[in-house]
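Please work from the sequences and hints to get the whole structure.
Residue numbers (numbering that gives the first Met the number 0), protein chains in the order written: chain A, 0 to 318; chain B, 0 to 318.
Hints in this document: simulated from the structure, not taken from any laboratory.
Glycine is no exception: its CB is placed at the ideal position from the N, C-alpha and C atoms.
There may be inaccurate statements among the hints.
[What the hints assert, rightly or not] Computed footprint of chain A on chain B; a stretch qualifies when at least three of its residues, placed anywhere within it, have a C-beta under 8 Å from a C-beta of chain A:
no., stretch
1, 5-14
2, 59-71
3, 91-103
4, 158-168
5, 171-178
6, 184-196
[Unchecked claim] Result set (SDA-like, lysine to any residue): computed pairs, CA atoms no more than 25 Å apart in a straight line:
no., chain 1, residue 1, chain 2, residue 2
7, A, 25, B, 199
8, A, 25, B, 276
9, A, 117, A, 144
10, A, 25, B, 140
11, B, 276, B, 160
Here are the chains, one letter per residue:
Number of protein chains: 2
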Amino acid sequence: MRLVVALGGNALLERGEVPNAEIQEKHVVAAVESLVPLARDHDLVITHGNGPQVGLLAIESATDPALPHPYPFDVLGAQTQGMIGYFLLQAFENALPGQQVASLICQTLVAADDPAFKHPTKFVGPVYDENEARRLGRVRGWEVRRDGTAWRRVVASPEPQAVIEMPTIRTLLADGTVIVCAGGGGIPVCRTADGLLRGVEAVVDKDLTATLLATDLGADALLLLTDVSAVELGFGTAAAHPIHHTTPVALRAKTFSAGSMGPKVDAACRFVEATGKRAMIGRLDAAAALLEGTTGTIVDPELGQSSSDSLIRSTPVTQ
Amino acid sequence: MRLVVALGGNALLERGEVPNAEIQEKHVVAAVESLVPLARDHDLVITHGNGPQVGLLAIESATDPALPHPYPFDVLGAQTQGMIGYFLLQAFENALPGQQVASLICQTLVAADDPAFKHPTKFVGPVYDENEARRLGRVRGWEVRRDGTAWRRVVASPEPQAVIEMPTIRTLLADGTVIVCAGGGGIPVCRTADGLLRGVEAVVDKDLTATLLATDLGADALLLLTDVSAVELGFGTAAAHPIHHTTPVALRAKTFSAGSMGPKVDAACRFVEATGKRAMIGRLDAAAALLEGTTGTIVDPELGQSSSDSLIRSTPVTQ
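Set out below in structure tokens:
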């Protein structure tokens, strides 16, 4: 099978952890250990988040006295592709001696007129007081907004439309290479009026880019790996319970947190709707079981006869 | 022909320039313009320096209050591969629509017992006063040394032995892809006693890595591009004059600056000695003329009959 796997940025650096390189490398080694059985049996394309990592670099860049203009988000995203791509590359090479592995710098095309650019929603970089935030907004052309009691910059999260380096990914995939690509959702670029690629100040949702990769590559399954074991109904309430087997229709009828599970559910539904194949959401350390359908949330185009009594079963699909 | 081209880090950010992203991108676009004629007619593998870029990130990382342990040099090098690899990738894609281009994260193997680790020579990161430098040396395990009136950290510059991702480079080269790889000399890694790759705190000379790439890939020529138009004898003196056509034997008999031209001369000689092919050293904006032999310094295994009167001619090879 051909599999596309998305690793959450928080799976590489847990909330509250000191963002040292050693800690991130340790998490990457554990993540790769979980993916090795998949890489042995299947063609594997891996993409990854970069939230905590790009956040750190954004703050460093915005506060660097040597940089009158901090690096924009396309450049910061590229730096995190280098770093996390390196961690994953080395971990796969160590775990699978003799297996060809590649980490590709990748750009993701977004539309210059994507409505997200009119309504930026992603808080990024340092916190400021209101005066300083407004001053930086004027001086640097940033959009700034209140975030709780502080002020921060906001950037857009436009829809990924295409991964520019798709031909290279296909070439390497045909050659049996394990591919790490489009980290952080891909470096966001637009086309100018004369057709040239140009970086834009934005962040692209990595799960939506994973869906794009999986759809364009004709993947047999899309695995969205994170630090929670399944999509839950009533998340955070006493009645919370995991969804083990479901469909896009059933999921679309529910509401999930815009900040965490919502984008994953949307990404999984889009893949299943577009391809009729299966998507899974679950824990990074349970990747093989997730693929087998014995854990996590499985999204199928429709449920089989055995489950026709309910659109949402709470038992694993293989039982 | 198959060409390996090394771009100097200073060619991407000139001495004294503010290290904004826009300036670097402008230099990269100009560099790529110069390389486009070569890419049209030949197979092209490009590597690049990262001195100014890794210097900036090293200072940011060493002074980031969120990072008790600054990122080590393998990780910083990986970040610069992401950034500069992105600039080059986009510039080539814009200059050559329809041409497949790839930027690969690459590790360069060095020997754990390379003598360079006992005598580190590369000053890196911020300047400190002596007390602070010695304290950081103790706390962080850094080697520190006086650099003029200030103190700085020093890291080793070991010999590159192999580019780990060579099989991927070969696959893409066979497919006609323009390849950007092993930036900054490659991310320095050693093999542990149990054969695993592990990042090391070092910087690898990018011209020596270019030689390694060119030799291993069977390149027909190695171009070392920089901001000076040729290797000079008596550099910095009134008697300075450029060397247009020479041999490793002639060059090995002379002494060149260890900080700038020396490593390039050594890298060019090694390639010519190992392969019997030709290496060129010259200005980035004259890449095509350099390949034709009408400018810069051409290093041939031996000089032809027409120049048997002198080991070093001061006229271009094609005259």
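These are the hints, each one checked on the structure:
Coverage of a stretch by a chain is defined here by at least three residues with a beta carbon nearer than 8 Å to that chain's beta carbons; for the stretch 5-14 of chain B and chain A the count is 0, and the condition is violated. Only residues whose C-beta sits within less than 8 Å of a C-beta in chain A count toward coverage, and the stretch 59-71 of chain B has 9 of them, enough to reach three; the restraint holds. Closer than 8 Å: that is the beta-carbon criterion, and the stretch 91-103 of chain B has 8 residues meeting it against chain A, so the requirement of 3 holds. Coverage of the stretch 158-168 of chain B by chain A holds in this model, with 4 residues showing a Cβ closer than 8 Å to a Cβ of that chain against a need of three.
Counting residues of the stretch 171-178 of chain B whose beta carbon lies closer than 8 Å to any beta carbon of chain A gives 3, which reaches the threshold of three, so the coverage claim holds. Using a Cβ-Cβ cut-off of 8 Å, 5 residues of the stretch 184-196 of chain B lie near chain A, which meets the minimum of three, so the contact claim holds. Between residue 25 of chain A and residue 199 of chain B the CA atoms are separated by roughly 16 Å; this keeps the pair inside 25 Å, and the hint holds. This hinted pair does not check out: residue 25 of chain A and residue 276 of chain B have alpha carbons roughly 44 Å apart, beyond 25 Å.
Proximity of residue 117 of chain A to residue 144 of chain A is assessed by CA-CA distance (about 14 Å); at most 25 Å being required, the pair is judged to hold. For a cut-off of 25 Å, the pair hint linking residue 25 of chain A to residue 140 of chain B stands: about 20 Å separates their Cα positions. Only pairs whose Cα atoms come within 25 Å are accepted, and residue 276 of chain B paired with residue 160 of chain B is accepted, the gap being roughly 20 Å.
Of the numbered hints stated above, those contradicted by the structure are hints 1 and 8, listed in ascending order.
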